[in-house]
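K.L.:
Sequence:
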Amino acid sequence: MATKKMDDIVSLSKRRGFLFQSSEIYGGFQGFWDYGPMGVELKRNVKEAWWRDMITAHDEFTAPAGAPTSFNMVGVETSIIMNPQVWKCSGHYDLFHDMMVDCKATKKRYRFDQVRGRWATCTYGSADKPSDEKLYITTMAEDPEEGVVAAALGVFGLKKKYADKIEWHGGLTTLDTLSSDDLPNAVAPDVQEPGTFTAPREFNLMFKTIVGALGTDDDAAFLRPETAQGIFVNFKNVCDSSRVKIPFGVAQIGKSFRNEITPRNFTFRSREFEQMEIEFFCHPDSSQEWYSYWRDRRMAWYKDLGLSGDNLILREHHQDELSHYSTGTADVEYAFPFLPAGEYGELEGVAHRGDFDLRSHMEGKLDEKSNPLTLQLDADGNPKHKGSGKDLTYFDDQTRDRFTPHVIEPSAGADRATLAFLCEAYHVDEAPDDKGEMQSRTVLRFHPRLAPIKAAVFPLIKKEGMPEAALDVYRDLKQAGLNVVYSQQGAIGRRYRQQDEIGTPWCITIDGDTATDGAVTVRDRDSLEQVRVPVKEVTAEIQRRLRG
RNA sequence: GCGGGAGUAGCUCAGUGGUAGAGCACCACGUUGCCAACGUGGAUGUCGCGGGUUCGAACCCCGUCUCCCGCUCCA
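So our numbering is basically just the index in the first sequence, starting at one, shifted up by 6.
Keep in mind that the hints were calculated from the coordinates and are not lab data.
Certain hints may be false.
Unchecked claim - Derived DEER-like restraints, expressed as beta-carbon distance ranges:
#1 349 to 101: 52 to 60 Å
#2 80 to 406: 50 to 58 Å
#3 315 to 219: 51 to 59 Å
#4 163 to 384: 24 to 32 Å
#5 437 to 216: 55 to 63 Å
#6 330 to 310: 30 to 38 Å
#7 384 to 326: 37 to 45 Å
From a predicted model like this one, the values you see are computed outputs, not experimental measurements.
C-beta: ideal position from N, C-alpha, C; glycine also.
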């Protein structure tokens, strides 16, 4: 049922020009999508609503409802490719850049450095498969000491009571310490025979590229996996150039790239996607209030633009889901039709990130597991990834207080929001045909702010001066900056239905009476109601309705 | 990455070895004139892509790409 509806949304999206598969004529390309003429308008409207509501319409002299104080909001647009050190300090390089091995027998995939194991032999007589050849016995058990013994018993075919007959050679190590010559002697977890591991392969969740024409490995750079770091590394620039005072937010809209293993569910998980992110910098003492404020405000934003209460939830992460340096994270989630009933997909995450990000770029990559946070060190005791060494603390000249700001991060997916608005808008209802019989009607009930086309202008028939009068109305609306269309093709009812399918909120029809009474009909997409409006007031009327 | 299903006109799909089809959508003209499916005419496909078997392949076989579902992975 749910999937059925999603299929209908996917085919409508293609048929009416919302979304296409990328490079479709060449068979497509997994995880990449193109927006068509309607889709690009919808997505732009989503982004513009966000930018306007968060930045340009923000009043920095008045505390919005629910906010602890008034605050500043500014925007930036930072580059997609950045100094690779940014990703090393942020933690993305280590997190997104793994060597993986596959097991040919169990078809499981492991991180090379997370498989633990120990060299062993067993020449004991009652073993089913004694071996005087050293085997590297591996385990993924939570307790590797126990796990590796259990695995070895299985490999050698020994009863549990003979565990002491296994001869161990050295202590527990990780698989990545083995040379390529030794790897064939490793026994994969849940397997009885050695040699089922593939050679380790580089597994990049970040897209790698080359900067500089020679293209050696030293020139490797990455497409950003998130827009946030562009804001953090510009924290000082923004402070120095824009007279913002803490608390303030810096916003950015832009493309990010992740080499997802399983792109799926239409545009929900794509390899190229667009984010709308705010990093809100505040004093540590008030950070909890600001976290609550942004969480609730961002939730309300989706509601105001039409996502209904039943399909939208705010999910606070449990304590055990949080990084220890975060004192709160909440996801705004939507019940996408491709998900089973009762499941939700993330639209936006609002995270309290403490001072983790600014400190990372000052001091170097922090060990996420350390508490309090300390620098992550390499085997020689040096910083694993060196920070910028620049001072990213903030000096409040009123309170004479110097501190590292805490960060609240509302991070939204523009494509996910666009998809949610599209799914929410999709309805099949009933409307009468010209004989008064009910027929099914497909209609996209977009919030007028989001609708790709704001109004359509029709002459009732294409003669008696109606097309000319209609074109005058059309041009007035265009002059006012509204995205409107004109059509004189086919029966009037058909033209209404065509606009319903792309979610145009209003249709304006010039009829036989217009010439005498100077008025036109404005038809509402959702109620199907029609009211007569003087021609001279049509543009103002549409603008008034757009403002709500 | 693994397993299952699928890919034929813009959309939804029929077609199981012998001339490529339907409905809707689209275009032109006419008619009606405020809620799609009126009349006449028209355009539309290397049947996902590549290879093989065959006198002959949309159909059988192999490979490959993409989509959907379930695992796996991932926030």
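K.L.:
All hints are to be evaluated individually against the structure, with a verdict given for each.
P.N.:
Hints, verified against the model:
1. 349 to 101: 52 to 60 Å: The hinted range 52 to 60 Å is violated for residue 349 and residue 101, with Cβ atoms some 26 Å apart.
2. 80 to 406: 50 to 58 Å: 25 Å, violated
3. 315 to 219: 51 to 59 Å: 55 Å, holds
4. 163 to 384: 24 to 32 Å: 41 Å, violated
5. 437 to 216: 55 to 63 Å: 56 Å, holds
6. 330 to 310: 30 to 38 Å: 34 Å, holds
7. 384 to 326: 37 to 45 Å: Given a distance of about 29 Å, which is not inside 37 to 45 Å, the answer is violated.
Violated hints, listed in ascending order, are 1, 2, 4, 7; each of the other numbered hints is respected by the structure.
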